[in-house]
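Counting in the UniProt record's numbering, the final residue of the sequence shown is number 108, and the numbers go up one at a time with none missing.
None of these hints come from the bench; they were simulated from the model. Glycine is no exception: its CB is placed at the ideal position from the N, C-alpha and C atoms. Any given hint could be a false lead.
Distance windows between CB atoms, simulated [claimed, not checked]:
#1 ASP35 with ALA91: 18 to 26 Å
#2 ALA91 with PRO39: 22 to 30 Å
#3 ALA100 with ARG16: 37 to 45 Å
#4 ILE84 with ALA8: 18 to 26 Å
Derived lysine to aspartate or glutamate pairs resembling EDC-like cross-links, with alpha carbons at most 16 Å apart [said to hold, decoys possible]:
#5 LYS47 with ASP12
#6 LYS62 with GLU32
#7 LYS47 with GLU32
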Amino acid sequence: MDTDSVIAAIADPSRRRILDALRARDGQRVGELTDALAPLGRHAVLKHVRVLEAAGLVVSRKEGRARVCHLNPVPIVQLAQRWIDDFGARASAGLLALQADLDKGEEP
């Protein structure tokens, strides 16, 4: 895994939106991703998809004239494992659960 390319790829907010869209529903066409990332055009979205592919975060394949994109979470998990040991993961999970509980109790 090339850590620098993964970090550079997820540094861009538009690319994170693509990853979020694929996380919500995997196997989307570039056209569908373009709709989700308006006002970006198809060429801009395709350019972002290529960066994500180069980092190994997205795998795509051609189906007829369409390019279908799939999320590959492995590089992100590897990146997280690089800096978080078992103790840190347990402590972080507990803190995240506490934060979620506190957020539920907040009034808008």
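Going down the list of hints, with the structure as the test:
1. ASP35 with ALA91: 18 to 26 Å: Given range 18 to 26 Å: violated, Cβ gap about 40 Å.
2. ALA91 with PRO39: 22 to 30 Å: At roughly 41 Å between Cβ atoms, PRO39 and ALA91 fall outside 22 to 30 Å, so the hint is violated.
3. ALA100 with ARG16: 37 to 45 Å: violated (21 Å)
4. ILE84 with ALA8: 18 to 26 Å: Taking Cβ atoms as reference, ILE84 and ALA8 lie about 20 Å apart, which means the hint holds.
5. LYS47 with ASP12: Measuring from Cα to Cα gives roughly 12 Å; hence the hint holds.
6. LYS62 with GLU32: holds (14 Å)
7. LYS47 with GLU32: Holds: LYS47 and GLU32 sit about 15 Å apart, inside 16 Å.
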